[in-house]
Structures are given as C-alpha cells and as structure tokens.
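Combine the two chains into a complex, taking the hints into account.
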Amino acid sequence: MTFSTHHQRKTLYRCGFVQLATLAVVAIAMVSQPVRAGGGTIVVKGVTIHVGNGEVIDNGVVVIRDGRIAQVGANLAIPPGAKVIELSGGSLTPGLIDANAALEPTNRMMVDRRNARQVVADLFHGDHKDHKHEAVGCCGSKCSRQLQHASGEKCKQCGFPDTLPMAVGVRRSAMTVEHSSEVIPQTHVIDSVNLRSPDFDRLVGGGVTTVFVAPDSAAVISSQGAIVRTAGPLNARIVRETDAVMAAMGTDPSWRGFGNRQPCRQFVNFYNRRPTTRMGVAWVFRKAMYDTERFEKGAVVYGADAPTEPAMKELRHVLSGEIPLRIQARMQHDILAALRLADEFGLKFTLIEATEAHRCLDELKKAKTPVVYGPVYIDAPGMRRYSSEVDHARLHTLKELLRAGIPTALTANELRDEDGLARQAMYARRFGVSLADVTRCVTETPAKLLGIADEVGTVTSGKRADLVLWNGEPFDGSSKPIVVIAGGEIVVDRRKG
Amino acid sequence: MNRRLSIQTIIIALGAAFVVAPALASPPAKIALKGGRIIPVVGEDIPVGTVLIEHGKIKAVGKDVEIPYDAMVIDISGKVVMPGMIDAHSSRGLDIRNENLDVTPFLDVYDAIDPSKLYFEDALRDGVTSIHAIVGNNCVIGGLSRVIHPIGITPDEMTQQPSVSLKLSVSPQRGSDRMAQLATFRETFRELGEYLENLAEKKYEESLEKKDEKIKVGPDEAKKLGKDLIKPEDYDDKHRNLVKLTRGQLGAFVYAGRAGDVAAAASLAKEHGFFKRTTLVLGASCYKAIDEVKSANRPVVLDSKLLYREENPITGKITETFIPRVYADAGVAFSLLPSSNTSLAERYLNYQAARCVRNGVSRQAALEAITINPARALGIGDRFGSIETGKTANLVVMSGDPLDFSSWVDLVYINGIRAYERDDDIRLKQLLGEEKPEVAEPAKDEKGNGEAAGDKAAKADTDSAEDKSEETSEKAEKKKE
Chain W
1 MTFSTHHQRK
11 TLYRCGFVQL
21 ATLAVVAIAM
31 VSQPVRAGGG
41 TIVVKGVTIH
51 VGNGEVIDNG
61 VVVIRDGRIA
71 QVGANLAIPP
81 GAKVIELSGG
91 SLTPGLIDAN
101 AALEPTNRMM
111 VDRRNARQVV
121 ADLFHGDHKD
131 HKHEAVGCCG
141 SKCSRQLQHA
151 SGEKCKQCGF
161 PDTLPMAVGV
171 RRSAMTVEHS
181 SEVIPQTHVI
191 DSVNLRSPDF
201 DRLVGGGVTT
211 VFVAPDSAAV
221 ISSQGAIVRT
231 AGPLNARIVR
241 ETDAVMAAMG
251 TDPSWRGFGN
261 RQPCRQFVNF
271 YNRRPTTRMG
281 VAWVFRKAMY
291 DTERFEKGAV
301 VYGADAPTEP
311 AMKELRHVLS
321 GEIPLRIQAR
331 MQHDILAALR
341 LADEFGLKFT
351 LIEATEAHRC
361 LDELKKAKTP
371 VVYGPVYIDA
381 PGMRRYSSEV
391 DHARLHTLKE
401 LLRAGIPTAL
411 TANELRDEDG
421 LARQAMYARR
431 FGVSLADVTR
441 CVTETPAKLL
451 GIADEVGTVT
461 SGKRADLVLW
471 NGEPFDGSSK
481 PIVVIAGGEI
491 VVDRRKG
Chain S
1001 MNRRLSIQTI
1011 IIALGAAFVV
1021 APALASPPAK
1031 IALKGGRIIP
1041 VVGEDIPVGT
1051 VLIEHGKIKA
1061 VGKDVEIPYD
1071 AMVIDISGKV
1081 VMPGMIDAHS
1091 SRGLDIRNEN
1101 LDVTPFLDVY
1111 DAIDPSKLYF
1121 EDALRDGVTS
1131 IHAIVGNNCV
1141 IGGLSRVIHP
1151 IGITPDEMTQ
1161 QPSVSLKLSV
1171 SPQRGSDRMA
1181 QLATFRETFR
1191 ELGEYLENLA
1201 EKKYEESLEK
1211 KDEKIKVGPD
1221 EAKKLGKDLI
1231 KPEDYDDKHR
1241 NLVKLTRGQL
1251 GAFVYAGRAG
1261 DVAAAASLAK
1271 EHGFFKRTTL
1281 VLGASCYKAI
1291 DEVKSANRPV
1301 VLDSKLLYRE
1311 ENPITGKITE
1321 TFIPRVYADA
1331 GVAFSLLPSS
1341 NTSLAERYLN
1351 YQAARCVRNG
1361 VSRQAALEAI
1371 TINPARALGI
1381 GDRFGSIETG
1391 KTANLVVMSG
1401 DPLDFSSWVD
1411 LVYINGIRAY
1421 ERDDDIRLKQ
1431 LLGEEKPEVA
1441 EPAKDEKGNG
1451 EAAGDKAAKA
1461 DTDSAEDKSE
1471 ETSEKAEKKK
1481 E
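Those protein sequences? They're chains W and S, same order as listed.
Position one of the first sequence corresponds to residue 1 (the numbering used here), numbered consecutively onward.
Position one of the second sequence corresponds to residue 1001 (the numbering used here), numbered consecutively onward.
Chain S on its own, in the form it takes in the complex (with noise of 0.2 Å):
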C-alpha cells in the first residue's frame, strides 16, 4: 500500500515539477523579489532589500531597487533569499555510479543522467539549483561531466554547463591498489602521447599524399612536422578528452581519499599540464595533508563526512576533528557536499553550512562553501553562486536563515523561472502531516494557515484551487483509515 502510495506520489510530484516547468518557460519577464533579507554571498548582507529579475538574469539587487511597473512582484518580507545552493560533486543523478572499466575518459554523464530520479525533486526542496553530475570515484579515468538543474525531462533540458570537467582518481579502486593505479595513469598518458606521434606523422603522410610528393625524412622528423597539421575533429574518441585535458581545456576533478594521495594528485596533474584546471576533492582523512592541499592552492571538494574520528590504538582515546574547520584555518576555500546516507539533516546543504559555524567556521565561509565556492571550482563564478547584477536568476526564498535548521526552502527559482513552491509539495505536505509544515504553536498554526491561503488566492488563483483539491483528498483519505 504504502509503496504504491509513495509511487503514485512520485508520479504526481515529478508530474507537478516537469510539466509545470515547460509551463513557465515562459516565464514573466520581469520579477521583482520584495522585502525579504538578501544574502547575497558575495558583498554584504541586504536587511531588507529588494532582488529585481528580468529574463532569467539578475538585474538588480539593492536596498532601494526602482520596481518596473510592469513586473511581478512577489512579497517575501521576512524570509530569507540567497542563491541556489550547488551540489559540487554527485553521482546520485547516475543510473549507475561507475562504469565497469578503469579507462573512460571518451563516456559522458550525458548518457547516464536519469531525470526520474527522485533524487532531482530532492535536491530542489533541499535548495538545489546546480547539480555537477560526475561519474563517481571507483574508476582511474571517468567520463565527462556537465553542471545540471534539477527541472526537466530530458539531460538536455537540464545542462547548464555540458563538459564541465573529468574525473580521474588516485585512490586505488576497483580492487586494485595505489601502485597499480598510478601505473594505469602512466599507462594511459604514455599510449596518448605514442597516439599522438603516430597520427601526427600520419597526417604529416597525408600531407604529402595530397601534393603527390615522396616521403624524404625519417619517422622522427614527421611525427615532429605532423604536430601542426592535427585538426580537432582528427582525435578519435578515446583520446579527444584527454588531449583536452592535457593541455588545460578541460577541468579536471581530481579524487584522493587518503592523505597520502593528495601529493600524488597534485604530482600527476602537474606532470600532466592539467594541474590549473584541477580540482581535489578529498576523502575524509585528507585534513592531514592539510600543508600540501595549501601549497597546491586549488580548489578543494570535502567528503560528505565532517567528522573525522580517530581512535588510538594503544590507549584506546578517540579524537575528533572536525574537517571544514582545519581547511578555513589553513585559509583553504572549500566545498561542502550533501551526505547520501539516510541522515535527516546532513542531506541539506545548508545544514552542512550550520555544523560548520557550530565548530567555529566563519559564516561568511560556511556560506560560500555551498555556493559561490563550489560555482567556481566548476568554473562557472561568472553566472552562478551568488546575487549580483548579470548572474543567472538562481534563487532561494527560505523561511528563515539558512543556518537555522527551522528553516524551510519556500521557493525555488532557476533561471528567474519558479521551480519549486513548498506550498506545492505534496510529498512533504504528505509526510508532515496533512496541514503545513508550520513552525507555531498549534492555535497560532491554524490561524497562520488561513492567513497564508488567503495570500495565494490573491497571488495565484489556479495553484490554491489545486491546493485545496490535494488537502480534501487528503483528509479523505484519513477517514478512511
């Protein structure tokens, strides 16, 4: 029973998400967010402001924003708007995690990305805007990955940013250990760059085939005048990726689970020319190679787990540490990942961001490691990751602050087009009860209901009639129990 019911739910869910949002491709041209405290991430603190989007873009943000006439303005005076949190690294959009094979750098996880997950309609009630869909660390090349949202129906719909970066790992996987993993990379590196000679002085025969002309150097000398001559389109699919990455046109996203691996990352990524593009994204234990992951300077990706416990073996004494905490010490801008577990809380981003300044991170820090961070490791600071004039309208409106673990995700806008209302979600409404998730005493909640209701109906006449028609059926369905 209860899985049909929770299969039908998701049915009406994800039917609520993907075709509300081919509804609203369209969506008004200009919206204006009023009232509402910004936190913008980069720059100050708005206590009340107003966030003005036009076409998808951020087109103002301020105290004192002129409101076209013409714009749809929405009141969230007392909630909270940033910008959409960002997922730096997950496979859980992925049919499967890895393929069966350590060498893959010709896959993309365009193929793999199923948009029925119920993972996306998560991460968009959790305040998910961008996604890095990436293959996951059990390989020694992986494929190609792409920044994506959680709306739409195709992978299509969903990119942001296709080819984003490779994966590479230097932790031993696959049952193999760290000797055998490096030397695969060596490997593989090693038959690129035979690759690369061989077709250079196959162009450089064809070149010559072309004016009729005989061949007068040696084989030396043509894979040396071939160089030249490789067109893009002329690398096979196996190599394409990984001449890219070489030679820093591609991001590299770099896994070392342990300590020891950090050197070995960033040894290989330098070694390979792909050491600007790199980014390290760290097993638990890394914190300890803590003055390497400095010097290297790049951008770091945590593991999920932010407690690391130790237990002496002789005394039996166990030591905790908290991991973001030795980063922000060190200066390190990182990125936090949402757990996967079956944590209630450490699957929020912004709940991650909260532990942090519970053990003593900065706030300003523990919130650029959701947002702004993570948009630049992946290299796309320019349009996402923060409130600014120009970036993409990404938004977040929560009830309340995001490090408050009271507060909820009201609404989602991607690209300036709503893609999540929590007065909409009927799943949550389902497993908080039949009336809303409100944070009051009881006879202030029934009030604050009718207050709200009454809002919607002004605001959107449709949304509410649906609203009502869930919430009957809902209470229908009690009785019957």
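Isolated chain W (complex conformation) (with noise of 0.2 Å):
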C-alpha cells in the first residue's frame, strides 16, 4: 500500500466509499421494509370480530406475532411496542377463501373486464376500440354489414360491452383448459398460473387472501386446480401444487369446445372433440373411469376416446380417493347425474356451482355432497348467458343449502373487485343468509373443505394471520375491506383516503 499511486488511492477511496453506500443502503432498506414475519408485532383493537365459526367477539382485540396470530379476545392487553391498528366501528374476519377461483393466468386480459372485453374483441371482431365493428363470424370471415354503435352502448351483434363477444368461451377455455383431450387429469393448473398476475391483487384487495384455482368447464374430466395465497412472498405463495381433479356435467364440454365433429378415422384432435350431448359427456367420464378400472387389472384400453396413460395413473388415485375430485354441475338432471356417476365408481365428491341445487336438495344431503356455491346471479354474468343451463338461478338457493345442513361454500368465480366474494357474500345476506352463516361460507366451511382448516379459515390463536378488516359490518352496501392482513404483514392499507 505505501507504493500506491495517487491514482489507486483514489480507487480504494471510491471503493470504500461505495461500500459504505452500499451498506447504507442496505440498512436503510432493512429498516424500511415492511413488517416481515417475525419483525414485529401488530395488534388489530377495538373491532368486532367475526371469528367465522359463528362467534362473534365485541371490542376484540387480536394480537399478530411471527405471522401467526397469537392472541384474540375482548379487551386484551396490547403488548408494549406493537403496531396498533384501530378502527373505530370496523370489524375483522377471517382472510376470505374463495374455493372456485377462476384465474386469470396472463397479465394483460385483467387489467379490467372491460378492457378484457376490448383486448378480446380486438383480436376477433376487428377494429373495436372505435366505436364501430365488423361483424366478424368465429371463422374469421367478416359480414358485409357493418354495425356501428356509440361507445358505452351494447353492440346489437355481441352484446359489448356488457358481455363478451363470442370470443368469451376461447378466453376462458383456452387458457385454462387443455384442449389436446377430453380427459386430462395429467395437467395441472399451476403450471398456467402467473403467481405476479394483477389479478391475486385484486384478489386480496377485495379481502380473498387464499383460493382454489380451478380450471375451466370445458373438458369432462379437466385439470388439478391448485390452492394458492394472494399475498405474501412468492416463493411461499403456492399452499398445495395440486388438489382437486375438475370434472363436469351438462354441456359446457360439449358447447364449448370449438366444433365438435365426428374424429375422423379414429383421429381425435383439437377440432373433433367427442361429446356433443349430455349423454356424450356422461360416456367420457363412465368411459375414463372404466378404462382406468380396467388398465390397472392390465388390461390394454384402446380407441379414439380412450384416456391416455398419464391420465389413467392420474385416475388411478381419483377412483382410490387420494385425490378430491370435483364436479361441476348446473341444472337438476346434471347435478343427479353426477350423484350417479359418482354412485356407479363409489366416488366422493364436491359439486361445484351447482345453480339448481334448490331442487335437489334431499340427493345431496342423502349422498352427504359438499357444494361450493356460486356466483348468485338472476342474469348470468360472463360466459354462463351463452348456456341454457342457467334460466333456473334462484336467489334463495344458498339459504335453501344452508338450511338443509349441507357444508356450503361460496364462490365468487371469475368475478373481482367490488363484484367479487365480499358481494357474493352481501348478496345472500340480502336473499336471506344470516351474518354469522355467511362468514363461515366464505372462510371456515372453504377452509375445511380444502383441507387447510387447520391453517386459515377462522381468527383463532395459532392460525395463520390472514385478516380483513373493515370500515363497518362485514359485507355491507356500505363497507368495504381497509386493511388485509396476509401471513402477518398488512398487505392492503386503505386507511388514508
């Protein structure tokens, strides 16, 4: 060092000098980062809390620690030092769990449904964003007549923007639903899923802290969803890669899956999906779960429609229950061919959607089937209005379910934001689901029904502190979530402005 240059000093100079802005840098990120597991206490008072096992708690206090919640109980004592949120006249639940989620896997197409709507439309109808469009027939080839309409008004020929064109059954099932087979329980939806997608922010920002993701109707026997937080570090984010096997009934196979013509010389692929019919669709799943039965006695199954290998081993541990299968199922007669089929295989199962299950009530008590509810709608939002499985959607049928004693979770679907799982909720306390009913519909009885009850699903010392907090009665006209908690760390903070 002593034979050092001016030139080199000045080097090492800079160097330390960097260094030290490096460190200081550093530190003052470490003091600046936000409330990590483990770095801090939160104590969440004066709110009432809605434990969601039915008890409610007045002036409740919650102590979070280490992520966890430590404490809950009325008038507690506040730990010397913690962060201490007060809301006066709020209330806290439990961290929402909608356990049907449909997510959306790419960035671009939530930005807002609208502008899903527009993203859609632009790539089939042409020149939307102007206030005019061709008619533009699913092959592609344009209509001489052109239909003009005004900007905020429905378009005669495809209902934007109030609904998506007819491009709404590609969104859905092309992103989430494999379409090289019927049957293919192999593929699993993490693997689409986009863990920075803006929608697990609008997800959390409406208070849903944890999800099933389930994939699309379009196949009969489809994907493995998986269960997924919202919020959170993404490295710890995925809960369980896969979960459930998705099945389902009626005719969204057959309807949406793009023509469904005969497979020509025993050659099935993306144009020739096999069933067009109800009957169809039940054939598919008898046939899959048969030639599963039989390949395992080693049996060789073959055919046009035959499950493939992977699919089959897959199978294999839906018929042994090891893994959960789900069905979706609208109208009556789907929901009663599901309790057959199920019947037939000696299968478990939880119904999904389930719009009429007010008429066939006493079947699913009789075959002790949970349901995972939703949405309520009178008018089907999204892709349901192009399906006649839906002129049957009651208002009371979550009350009806719940009155029957039948573990009923609600779902708030593909819907986010304001008409996301909180309106779900509000919306059956207005069509005559108790306050106390509800809560446990969107946090305790999903918990259980996902099988991480033991994790999330109500405010109990020990569970994960996944909370929302909000500015009045939960799921109220006039309330909304003002603070989520996920996994201890405040992740949503609407308290200014």
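Derived from the structure by calculation, the hints contain no laboratory data.
The beta-carbon is built from N, C-alpha and C at its ideal position, and this holds for glycine as well.
Be careful, since some hints might not be right.
Said to hold, decoys possible - Calculated cross-link-like contacts (lysine-lysine; reagent style DSSO-like; alpha-carbon spacing at most 30 Å):
no., chain 1, residue 1, chain 2, residue 2
1, W, 496, S, 1317
2, S, 1429, W, 368
3, W, 365, S, 1429
Unchecked claim - Negatives, chain W to chain S, calculated, CB over 10 Å:
no., residue
4, 48
5, 56
6, 83
7, 295
8, 319
9, 363
Here's what the structure looks like:
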C-alpha cells in the first residue's frame, strides 16, 4: 500500500465510499422494509371480530406475532412496542377463501373486465376500439353489413361491452383448459398460474387471501387445481400444487369445444372433440373411469376416445380417493347425473356451481355431498349467459342449502373487485342468510373443504394471520375491506383516502 | 318451460301492476304513513314521524303530525320512508335507444316508450318513481325527452313532465370522429340561422302582401324587419325544438364521453345560448376534467360505472379512482345512474349511493345524488325529489336503511297511489323461493310470516286472499317438480 499511487488510493477511497454507500442503502432498506413475519407485533383493537365459526367478539383485540395469530379476545392487554391498528366501528373477519376461483393466468387480460373484452374484441372482431366494428364470424369471415354502435352502448351483434363477444369461450377455455383431450387430469393448473398476475392484487384487494385455482369446465375430466395464497412472498404462495381433479357435467364440455365434429379415422384432435350431448359427456366420464379400472387390472385400453396412460395413472388416485374430485354441474339433472356417476364408481366429490341445487336438496343431503355454490345471479354474468343452464337460477339457493345442513362454500368464480366474493356474501345476506352463516360460507367452510382449516379459515390463536379489517359490518353495502393482513403483513391499506 | 313460465309471470305481474294502477286511480283522499323513520333528504332525518298524504300531495311531515280522522293510516313503524328515487338518464324504456340519423331534434321519446318493457316493472321494484326517458348517446342531436313514472299502460298515463330536454352528444358517435361530430353541430346551427333569416324574410313579405304593399327594402333589411313577425307556430318540426333550445326554453342533456369532450360541451352550450339549461352527462373518464366541470357549475349526471381503473402502460401498475368521490370533493352536485348490466347490485340506485358512502362520500351527498339532485337537473325539483310539504307524494317505504343492502323496497307510492307492494310481488317471490324474503333465522322466519299475514289480513282482505292462492299454487307447482 505504501507504493500506491495517487490514482490507486483514489480508487480505493472510491471503493470504500461505494461500500459504505451500499451498506447505508442496505441498512435503510432493512429499516424501511414492511413488517416482516417475525419482525414485529401487530395489534388490531377495538373491532368486532367475526371469528368465522359463527362466534362474534365485541370490542375484540387480535395480537399478531411471527405471522401468526398469537391472541384473540375481548379487551386484551396490548403488548408494548406493538404496531396498533384501530378502526372505530370497524370489524374483522378471517381472510376470505374462494374455493373455486377462475384465475386469469396472463397479465394483459385482467386489467379490467371491460379491457379484457376490448382485447378479445380487438383480436376477434377487428377494430372495436372506435365505436364500430365489423361483424366477424367465428370463422373469421367478415360480414358485409357493418354494425355501428356507440361507445358505452351495447353492441347488437355481440353484446359488447356488457358481455364478452363470441370469443368468450375461447378466452377462458384456451387458457386454463387443455384442448388436446377430453380427459386431462395429468395437467396441472399451477403450471398456468402467473403468481405476479394483477389478478392476485385484485383478489387480495377484495379481502380474498386464499384461493383454489379452478380449471375451466370445457373438458369432461379437466386439470388438477391448486391452492394458492393471493399475497405474501412469491416463494411461499403455493399452499398445494395439485389439489383436486375437476370434472364437468352438462353442456359446458360439449358446446364450448371448438366445432364438435365426429372424429375421423379414430383421429381425435382439437377440432373434433367427442361429446356433443349431455349423454356424451357422461359417457366420456364413465369410459375414463371404467378404462382406468381395466387398466389397473392390466388390460389394454385402446380406441379413439380412450384416456391416455398418464391420465389413467392420475384417475387411479381419484378412484382410490387420494385425489379429491370436483364435479361442476348446474342444472338439476346434471347434478343428479353427477351423483349417479359418483355412485357407480364409489366416488366422493364436491359439487361446483350447483345453480339448481335448490331442486335436489334431498339427494345432495343423502349423498353427503359438499357444495361450492356461486356466483349468485339471475342474469348470468360472463360466459354463462351463453349457456342454457342458467335459466332456473334462484336467489335463495344458498339459504336452502344451508338450511338443509349441506356444507356449502360460496364462490365468486371469475368475478373480481367490487363484484367479488364480498359482494357474493352481501347478496347472500340480502337473500336470507344470516351474517354468521355467510361469514362461515366464505371462511371456515371453504377452509374445511380444501383441508386447510388448521392453517386458515377462522380468527383463532395459532392460525396464520390472514385477516380482513372492514370499515363497518362485513359484507354490507356501505363497507369495504380497509386493511388486509396476509401472513402477518399488511398487504392492503386503504386507511388514508 | 322456463321461458314460458317467465313470460306468464311477466304478464301476470304487468297485469297486476297496470290493472291495479287504474283501479287505484281514485286513491283514498288522505293517507298517513305513521311511525317510520323519515329521510326527507332536504332537511334533517326524523327518527319517528308521520307523512300525511292528501290528494296525491304531501300535506304534512313531522314528528307530531295530527292525523285526520278520515285518513287511511298505514303503520310503517320500524321501516324507513324516503323520497322516490329518480333515474336521471335512461333509454331502457325505449324500444330502441337511438334513431339511425345524426340530427333528429324533431323526435320525441313519447313515440318510443314501450310501457310493456320489463324494465318498468323492475324500476318500480327497485324504488324508482321517476325515470328520465331520453334517447341514447349515439347521436349528434337526439330527440326530446320526458320524465315518466313506471306505472301506466300508455305513455300518456306514464308522463310526469313532457318535453324536458333535448339530447346532444359532443362525443364522437356512429362511427364519426370528433371533428365530424362538432362540424355537424356547426352545420346544424348555421342552417338554423339561415332558416330563421329566410323565415323572417318570408314573414315580412307576407305581411306586406296582406297590406297590398310592395317590398321597398333589400333582403337584408327584410330579414331584420321580419324577425319579430315570426310566431311560435310558424317554425317547422325540424327547427322548432332547436329554436326553443337556443332561447333557453328547453333543457339540454349534453353527453361528454371523455375528459376532452367536457370543454367542447361547455363551449357549445355557451355559444348557442343554452348553457344555463345544460346538464352534463359524463362518461367515466370525465373526472379527469374536474376543473372544467367545476367551473361550468352545471348539474352533472355520472355514468353508472363508478370505479375507474387505469393501467400504467409502462409499469403495469393499476390505479383505481372512485369517480363520485372526485366530484363530491370538488363540491359538484352529481346524480347517480343505475347500471343496466347484469350485476345484481348496481341496478339499485340506493346501492350505487351506498357504494359512494363506502368510498368516502358523505351520506347526505349520496342520498341527494339519487333523489333531489336528479330532480333539480330535470327542472322538477319543486315537485319531486324530497319529502317536503306541497310536493308530489312519490314515496318509497323500505324495510331498513336505504344504504343497507339487506333492505328491501316494501311499498312505493306514486302520486299518493300505492303502486307497488312487496308482499304482492309474484316474480320476486318466485326468485326467492315460495316464502317471503325475510332476512332472519329460519325459525323466526315462519313466525314472522304468520304475523305479517295477520297484519295484512287486517289491512286489506282481498289482497291477502289473492296472495294465499298464489302461494298455494306455487306450492302445488313445487310438488309437481
């Protein structure tokens, strides 16, 4: 060092400066980082706690430590040095759980529902941005007649912007359903999930902290869903990579495939998917299960519509009950068909959507089938409106299900933001479900159905600190989530403004 | 099956609504709504009070109103009475929103109102007592609008106020761009000026002809001299409403779809003399032009989409703006619209108001935005929009606070006539199962039903008899299923 030139010394000095600066930046970053799990204690006080299991604690205090709920009770002592959140007239619920969320795996489409329509419309209908668009058939051929309509006014051709244009089926099916076969339980939805998708921000903004990411209903036996947290560090978001296999009854798998033509020379591909009717759908399900049983016994399974070997390897676990099964069915006879098929193969399943569940309460009760019901509607939102399965939707279905003692979770499926799960709960309250019951439907019950009830679902000490703070009674017209805490961290804070 | 059933129910419901209305055309002269909480919107809330209706008008409001001996007393204790809500801008009652032409000041929505539309039944069910029926935004100059109520079998019966305003749109529509849109306005008003000059000249010539005199002055002078000779009936259909508009005799609902259109709307209105009668109908993104809206100081009707979401195209960050909050903070009086899309909640005006409260708008401002503000914007604020002595008895009785989503519209009075009663709403009952939609525990529910039925039997015997027969028929239907 003694021989170091001026230049060298200067460099050294500079290096030292850079190191110091780096250290300083790191130090500042460490100080200014949000309260990390284990970093500090958060206390929420002075709120009405809706525990999730029907209990209500007035003037409650929740102590959160190390990302977990340390203490819950009324008028607890507040530990010194804790970060206190207080909201007069507020209430606290567990983080909401959507047991059947349809997640948008790409960034672009989910900025806004209207934007999503715009994107799809641009893709399929040509120039939709400027108040006119040409009528374009599914085949891509242009109609000679130009339809003009105002921005903000409904298009007579496609219902834009109130409804998605014809591309609606494409939008969802193409994304979370694999079109290569009707029976694809070997595919996993988690591979399509983009954990950085803004869709998660929208979910957590609505108070939803855990979701079951459901595959689309356009295949008879569809992919395996996943259980994912909507907030927190990316590497800790996935609760369960694969959870349940989803199947669908009714017409979704038949009409939402691209043209259902007969397979030609036993060649099944994207364009000639098999089932065209309800019986076809049921048959594909039955054949898949039957073939799996035969495959297990060592028989050779062949034919154009036979399930593939990897599919059968998964279905084997469905048959043995290791992988849970979900069946989406809307209409009464579809629900009954699902029950019949399940009975045939000795399967237990969770019924999804169950629009007409109010018509087959006894059967559901007898089969002890849990239900993930929702969304609530009269005029079906999204692509359901193109289906004929929604005509008998009623507003009291959830009430009837609960009254019959059927374990029922409520879901918002693809609806988000203000339209999301909290609003579904609000609807349920309007249509005759008590606050305690409806809170259970979006917290404890889905947690139990998903098998994560020891982690989340209620405000109980020891559980993960997924909490939602509301500026009023939860699921009310004039209240919304003000603070959302996920894993002991404040992830949404709307207290200012 | 469902289609047929729903059509049947529609017919029955419409029948009920429209057959009952004329039957009730001579209502009890005096009605007292007693014991409920009164939200007059203008003035303080009255925790427990009475609204006295006499011959379709509000005779008295207050805590201690003396009820005349011959008044029909309706006990609404535990309930809330508020003014009937007003839909400030709706094309949903029309058969088609817009004519296939750009400039149609000669049209009147009177000819387009379709009283059989399900929309009216729904509006009544949702507590809307006045609807501003107006053509859609897809025009340059649309037709005349009118204020109607959702009962009646002809547009005449439904009308509360004809010829309320003319619809104009400065936002590019029908495939044209902004330049073409504004050029059409200029051309229309230029043509109007030319027409008026020619008419004046013609009238002057005619007046001289009558006197058998010869024209001594040049055409320019004749145009000036003849100006005062024009009588209102001389204008032709195409120009009559435009003349009224430019003279401030007609309101104007000017649609501005984007922030950039607000200034154009204001300058257009100022230029042609109808600024003081202008109401701005603003699209969602217009909150960005809040300074211009504020300086215009005109009533504002907001789009039903209340939340504006924008993505930063570079960072992908999404920002949300709750639109009414911006207007409320700026002190602009705004009116809310119900949504026409499939959302169950946003079709209720009172829910739109509740959303405002949730996002930080004051309760009073939110309630005004669905009652008195639209009434004032429509120029009917002296008759509708609040519970005040002397105003028309358009009232809504709700089962709870209007901003609580679990509250139901129980009764609707229009001109003092009971236009809607939830207990008789067959279609609603079907959607909610056969029993009454009580928000209560199952056990209490049945008990509550019994009590309610008893009350009703005491009140109106025929109604409840009908009710029971409906219920039994529904039960029979269910058994069949």
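Results of checking the hints against the structure:
no. : hint           : result
1   : 496/W - 1317/S : holds, 19 Å
2   : 1429/S - 368/W : holds, 29 Å
3   : 365/W - 1429/S : holds, 25 Å
4   : 48             : holds, 16 Å
5   : 56             : holds, 15 Å
6   : 83             : holds, 24 Å
7   : 295            : holds, 41 Å
8   : 319            : holds, 34 Å
9   : 363            : holds, 13 Å
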